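Based on the hints, put chain B in the right spot on chain A.
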Amino acid sequence: MLQQVTATLLLVGFPNAGKSTFFNLLTGGNRKVSNYSGITVDMGKADIKSDKDGDIRLKLVDLPGIYNLVPSSLDEGVTVKALLNLEGKDGAQKVLLLLDWQRVEASMSLALAVKDIVGAENIAIIINKDDLGEIDPTRRAELEKKIGARVLPISALNASSKTVEAFIRSLDLSSQVETVKKLQITKEAHEFLPAGDHSAKIEVIEDTKQITDLINWYHMKARDVLGSLSRPNDAKALLTQKIDRFVLNPWLGGIIFAAIFYFIFDAIYTWAGPAMDLSESVIVTVGELIGNYLPEGHFKSLIVDGIFGGVGGVVVFLPQIMALFFLLSLLEQSGYIARAAVVTDRIMGVFGLNGKAFLPYMSGFACAIPGIMATRTIPNPRERYATLMTIPLITCSARLPVYILLIGTFVPATTVFGIFNAQALSFFFLYFLGSFAALIIAKLLRLSYFKGETGNFIIDLPLYQRPSLKTAFKQSWKKGKTFLTKAGTIILGLSILIWILSTFPSPNPELLEGKSPEEQAGISLQQSMLGTMGRTIEPVIKPIGMDWKIGVGMLVAFGARELFVSAIGTIYSLGDVDEESSSLREKLLAETWADTGKPVYTLATAWSILIFFVFSLQCTSTLAILRRETGGWKIPIIMFSYMGLLAYGGAFVAYRLLS
Amino acid sequence: MTLNEINVGQTVLLDDFSQSQPVYFKLISLGLLPGDPIIVMGKAPFGGPISIKHGSETFFALRRSEALQIHVKNYASKI
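Line by line, the protein sequences give chains A and B. Counting in numbering that gives the first Met the number 0, the first sequence runs from 0 upward without gaps. Counting in numbering that gives the first Met the number 0, the second sequence runs from 0 upward without gaps.
Because the hints were derived from the structure by calculation, they are not lab data. Computed from a predicted model, the values in this text were never measured in an experiment. Misleading hints may appear alongside valid ones.
[Unchecked claim] So the derived list for chain A, only partly shown, Cβ under 8 angstroms to chain B, looks like this: (1) Y66; (2) Q101; (3) I214; (4) H218; (5) T239; (6) K241; (7) I254; (8) R345; (9) S447; (10) G451; (11) N455; (12) F456; (13) A646.
[Stated by the list, open to error] Simulated pairs of lysine to any residue, SDA-like, Cα-Cα distance not exceeding 20 angstroms: (14) K25/B x I254/A; (15) K42/B x L237/A; (16) K42/B x H189/A; (17) K220/A x P33/B; (18) K208/A x L29/B; (19) K25/B x N215/A; (20) K186/A x V7/B; (21) K208/A x P21/B; (22) K241/A x V7/B; (23) K25/B x H189/A; (24) K42/B x F256/A; (25) K25/B x E190/A; (26) K208/A x D35/B; (27) K208/A x L32/B; (28) K72/B x V7/B; (29) K186/A x K42/B; (30) K235/A x T453/A; (31) K25/B x T453/A; (32) K25/B x F191/A; (33) K241/A x I38/B.
Positions of the beta carbon are idealized from the N, C-alpha and C atoms, including for glycine.
Next comes chain A alone, as it looks inside the complex:
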């Protein structure tokens, strides 16, 4: 049998040309796609899906979008580095240039520039977004002749991967891509490439004008190549113009912006609420059923209190997580996000940030990690750091379970100001508070440590498109799966650990003599390792209205925020001997202080916990990614400390104000 040969294909193109959609189509991958620039900031590699028949193995490399070969931010540097194979590893066999038919002229200039650097024989051109099939065989042949490379028109959203794969396999993939000409870039652009001597492949030009002229020249050439080719259908542009008249309207714009985001929070409550009640009752019922079949003892307690009480308490939030990502994906695909950046730019400017910072912040609503990665698109390092250091203040989806649990239990679902739901409004407030704090801190950083000019803000406004429900479902399904995986691994493991810590050591039997079962459960909990830990920290957390059980939950949540819910779930299940309160919400309402008998959870305590969660950096994965992106522990430590202080201070104020 022949040894299998591998061919690597680099995917290069304009931002928002649909490279990741194309990548997902061919590899069956699930890279995040949306309709605005700068979603892909790192390299993604995968084998092409139908790699079975033993011919050449195809590897596709998805790269961040670039406008030209002169990088102006870190993510663009990643692409240029890969294209020139600056690291000198196994190179690629072909460069696939993905052009955007909606912006064919501008993206063609990039293709021509790449062609000159690596040679016409090393490139192939795919023109994406030809949704109406405007590039017929005659035009295609004409383009191929003019460019001197193969051309395939597609529409990545509804193309068949077979056609594309057949096209790729028909290319000559035998030789490695070599640079045939030195790439000329500016000194500043060189900064965005990895350190080292690249003089064999790159020529640094002192005169910026010369570089600008070169890019200009490629655009002229692109116009020449496209010549009489009919331009894309104007209907989409006209629709975009019409929608923008409202969305970017000086007065309506802000209202539309606020309405869209309020709608998302409201939807999480009103739509996902019933689904959550359902999943909660399923989990409670299954837990009880299993409990009935198990003999009394530690094993039953581990299953019922440790696993169903802990993991189950987190899993019930699956509908909300999926609803959030579903709606965010629809919004991102529509093309609105870039407009939101325009609408909010004035505010961002006041806080010393680039309008571009809006996009990483936006990702932060899902999770801080992609948000932090997305700051790579901000060219100015000072602005980038000011943004990066405040992203974890943006309310991420891991805070959702805590917010929903506490708001759902302690804020009544009444209507306020005529049209707003008090729960959704509280939710909106917490999101607002986090975002506002992020901007204030960013401003402080910009006034002190990261002082300097605000970089330029020119943002692409993509044409609007109808969001694909399929993509939104996929995105939401992917996030749901990640969430369940986390629940089944980390949260499960830690729930068991918490159960062990809160069950052992068993108390001295003498202590339990003559006590009611309820008192016995309370004493056991207090005498356990967790109880000892909790009582040690109680003096610190009592001023913010928390008892030692909540304190333990808070402590555990420094691993990951959802753990708060699972930890208190386990602790309260253990204390609840008659299993009267089935759901975690009921258990919270039933919890009383040991000394006074008053309820532990008042509105003040609930808000104290909520405010604590708004501010504190309780996520080990975020700390790890921060260390990687900033190259050391200094920034993560500073962030952890300032956010911790804000959290404690904020919780203290909230508790004092409300009690």
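This is chain B only, laid out in the frame that chain A set:
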């Protein structure tokens, strides 16, 4: 004339990119060349960004501080 002086709905031509300012670099990256017509689509309130359309396909927005650096001329003065 600079771009920030232009009213919404007006079409103007980009003047020569004589100075090698970063903003021109960015414009050229987007495919806007000297002499190209552009139309001002909107202006955000309180001195917010200006949105621009170029050709039939490129929409973008930029801050007024950037628009101040972009020289334009009347569409008619082309002749």
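Quiz item: Do the alpha carbons of K208/A and L32/B lie within 20 angstroms of each other, as the hint requires?
Solution: Given that 20 angstroms is the threshold and the Cα spacing comes to 14 angstroms, the pair holds.
Quiz item: Does the nearest C-beta of chain B fall within a distance shorter than 8 angstroms of the C-beta of I254/A?
Solution: violated (12 angstroms)
Quiz prompt | Interface hint for Y66/A, Cβ within 8 angstroms of any Cβ on chain B | solution = With a minimum Cβ separation of about 4 angstroms from chain B (threshold 8 angstroms), the hint on Y66/A holds.
Self-check item: Given hint F256/A paired with K42/B - CA-CA distance at most 20 angstroms
Solution: holds (16 angstroms)
Quiz item: Is K25/B within 20 angstroms of T453/A, Cα to Cα?
Solution: holds (15 angstroms)
Practice problem: Report holds or violated for the interface hint on S447/A, using the least CB-CB distance to chain B and a cut-off of 8 angstroms. | Solution: violated (22 angstroms)
Quiz item: Keeping to a limit of 20 angstroms between CA atoms, is the pair of K72/B and V7/B held or broken?
Solution: Holds: K72/B and V7/B sit about 15 angstroms apart, inside 20 angstroms.
Practice problem: Return the status of the interface hint for H218/A: holds when the least beta-carbon distance to chain B is below 8 angstroms, violated otherwise. | Solution: With a closest approach of 6 angstroms, the H218/A hint holds.
Quiz item: Are T239/A and chain B close enough, Cβ to Cβ, to be under 8 angstroms, as the hint says?
Solution: holds (6 angstroms)
Quiz item: Going by Cβ atoms only, is A646/A closer than 8 angstroms to chain B?
Solution: The hint is violated - A646/A has no Cβ within 8 angstroms of chain B, the shortest such distance being about 33 angstroms.
Quiz item: Is the straight-line distance between the alpha-carbon of K235/A and that of T453/A 20 angstroms or less?
Solution: violated (33 angstroms)
Practice problem: Decide if the proposed pair is consistent with the structure: K208/A and P21/B, CA atoms, cutoff 20 angstroms inclusive. | Solution: holds (10 angstroms)
This entry does not satisfy hints 6, 7, 9, 10, 13, 14, 16, 20, 29, 30, going by the numbered hints stated previously.
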